[in-house]
Amino acid sequence: MAIKVVSPGLSTTVQDLGRPGYYHIGIPLSGAMDRAAMAAANLLVGNEESAAGLEVVFMGPELEFMLPSVVAITGGEIPPKLNGTPCETWTSFAVKAGDVLSFDFLKAGARAYIAIAGGIDVPVVLGSRSTYTLGALGGHQGRKLQTGDILPVGSTPSKARAGRTLDQKLRRQSTSPAELRMLPGLYWHRVTEAAGKHFLSDTWKVAPEADRIGYRFRGGRPIEFMPRTPPFGAGSDPSNIVDACYPYGSIQIPSGTEPIVLHRDAVSGGGYFMVGAVISADMDLIAQLQPHMPARFVAVDMPTALAARKDMNAQAAAVRAVLQL
Amino acid sequence: MKTRYSFGGDEHIFVECDEEMSLQAFFKGLSITNAVRESNIKGVTEICPANASFQIKFDPDVISPDDMMAELKRLEESASKGVSMIKTRIIEVPVLYNDPWTHETLMRFRERHQDPTSTDIEYAARVNHLGTVENFIKAHSGSPWFVSMVGFVAGLPFLYQMVERGRQIEVPKYLRPRTDTPKLTVGHGGCFSCVYSVRGAGGYQMFGVTPMPIYDPAQSISYLKDFMILFRPGDIVKWRPIDRPEYDQIVADVDAGKFVPRMREVDFSLEDFERDIDGYNKKLEETLYGH
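If you read the sequences in order, they're chains C and V.
Using our numbering, the letters of the first sequence correspond one by one to residues 1 to 325.
Using our numbering, the letters of the second sequence correspond one by one to residues 1001 to 1291.
Wrong hints could be hidden among the right ones.
The calculated BS3-like cross-link candidates involving lysine-lysine, where the alpha carbons are at most 27 Å apart (straight line), are [to be verified]:
1. K1138/V x K1282/V
2. K1183/V x K144/C
3. K1183/V x K1258/V
4. K1258/V x K1042/V
5. K144/C x K1225/V
6. K1225/V x K1282/V
7. K310/C x K1225/V
8. K1225/V x K1258/V
9. K4/C x K159/C
Honestly, the hints are just simulated from the structure, not real lab data.
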């Protein structure tokens, strides 16, 4: 079984749930930016949650199936069509050899996930099939898909079945304006009290520079810093620190102007201070933000972050319970 | 040196060993991260030592953030004696300073630079009061450098100059980061040099390029077959200025699978180094060149 890429879309990559364990040498987790959507798509077609699928950004690809299979599409609303006829999302459907999957214009969200029974069977590199494009590692030849690529697909699992669907209330959608909960910390003490308040009260907008490495925001007031003598090795700008490791979800504000939230392909470290990190339960939401969308940062404490994570895990368990029947 | 702990969201603990860079701060982080690795705490998923700090990623479904924090503080106490001696390697990195590729790139991004009228290396020579580019190259390549962090992107080493603080080269980063940096650029920002392992964005000043790959995801280069990344924290680097014909020769040798980096195993003692920096560096060089 294989899939032929007729046209690649804007930036379609092979992703699974990521490549942990190599962040200390600069190789990030990678994997689906919206992990819940990728996991659900896999369960819908009878795969393990961690099988490799395709992450589609803003503009969908055109794909030809070379053998019959079962497919499901989840995540942001980029309406899929099979041989030109609209098909259901969050629902598995059968495809025949020669069928062509294409997409309409983006309606909501930013990223859709395509799972196929058996999973995309590119080689496993350092424990994962995810594409890390900056390092030309994993996925299909370490890059986004191109016209003419042929993607191998694994053998169809016995649980593959068309017509499985996920209830509306188990599909997580982002709201507008997006509210990104964050735990203040890291170098929060570097900003003035007023600047900290502005950071949280201002409405930011997603900047065009928003990708798998990080999401940039603009439109809020510039950050003012507490005075200091630059520590040796940091650099003279008040936003500089001695280059350190960056947490996933950490919010850096180079020169105090535009916050950047690091995502699944994060640079593992650098020399900019961070005001804290977006909580793990809200990372998937970032994946579905489009440029120019409004967003706010909401400060929470650790118990709230853990409660949100518990809710997210409960939701994932509910999805599993429904789809693994 | 005061250790500062902070949560980074609900999945990370960030520990700053010191606000400023020093080899002592690096070794303190190394001691604690070694202790974390050896203690096999359930739920720890990433252990990332950095220049003067380190970071632990953990799964809060397995270990609570407060318990993780308590474990780290306990390990800091027991590791307080600390490591100051490591078995490591000294590796020679040939550099074509003032090369045509970084020159072309820096000219494209002049408006993002502090001094649009000079090149990065001319600017660095001037702000470090070294007079000429020749003197700058001599200062940059004259002493060994210590790999105090690997990261940013795959396999990129951050290098700390092994001389007294007063002689360390310091240069600000670009005013606004470039969107492009040639692969294998030797860069510098703050007190750190680096080698850009891949082409991409960057904010460090650009001084030259090395013909010696340090990251190979295909693992086809002879000395990167076992692992795709060359550098590890603790490695020591000696730059060697080369000319264009030698650069071209090394590129050809790498392609032909004939190039082997000059590399020797070496013990590094922080105390001995600090007691006599120049003398210690001379011995390191003797180990590298075998005389």
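Hints, verified against the model:
For the proposed pair K1138/V and K1282/V, the alpha carbon gap of about 15 Å is at most 27 Å, so the pair holds. Straight-line distance between C-alpha atoms of K1183/V and K144/C comes to about 20 Å, which keeps the hinted pair within the 27 Å bound. A C-alpha spacing of about 21 Å is found between K1183/V and K1258/V, which places the hinted pair at or below 27 Å, so the restraint holds. For the suggested pair K1258/V and K1042/V, the alpha carbons sit about 44 Å apart, so the restraint of at most 27 Å is broken.
A threshold of 27 Å between alpha carbons decides the hint, and for K144/C with K1225/V the separation of about 25 Å falls inside it, so the pair holds. With a CA separation close to 32 Å, the supplied pair K1225/V and K1282/V exceeds the 27 Å bound. For the hint linking K310/C to K1225/V, the alpha-carbon distance of about 42 Å lies beyond 27 Å, and the restraint is violated. With a CA separation close to 13 Å, the supplied pair K1225/V and K1258/V stays within the 27 Å bound.
Under the criterion of a C-alpha separation no larger than 27 Å, the hint pairing K4/C with K159/C is consistent with the structure, at around 24 Å.
Taken one by one, the earlier hints fail for this structure at numbers 4, 6 and 7, listed in ascending order.
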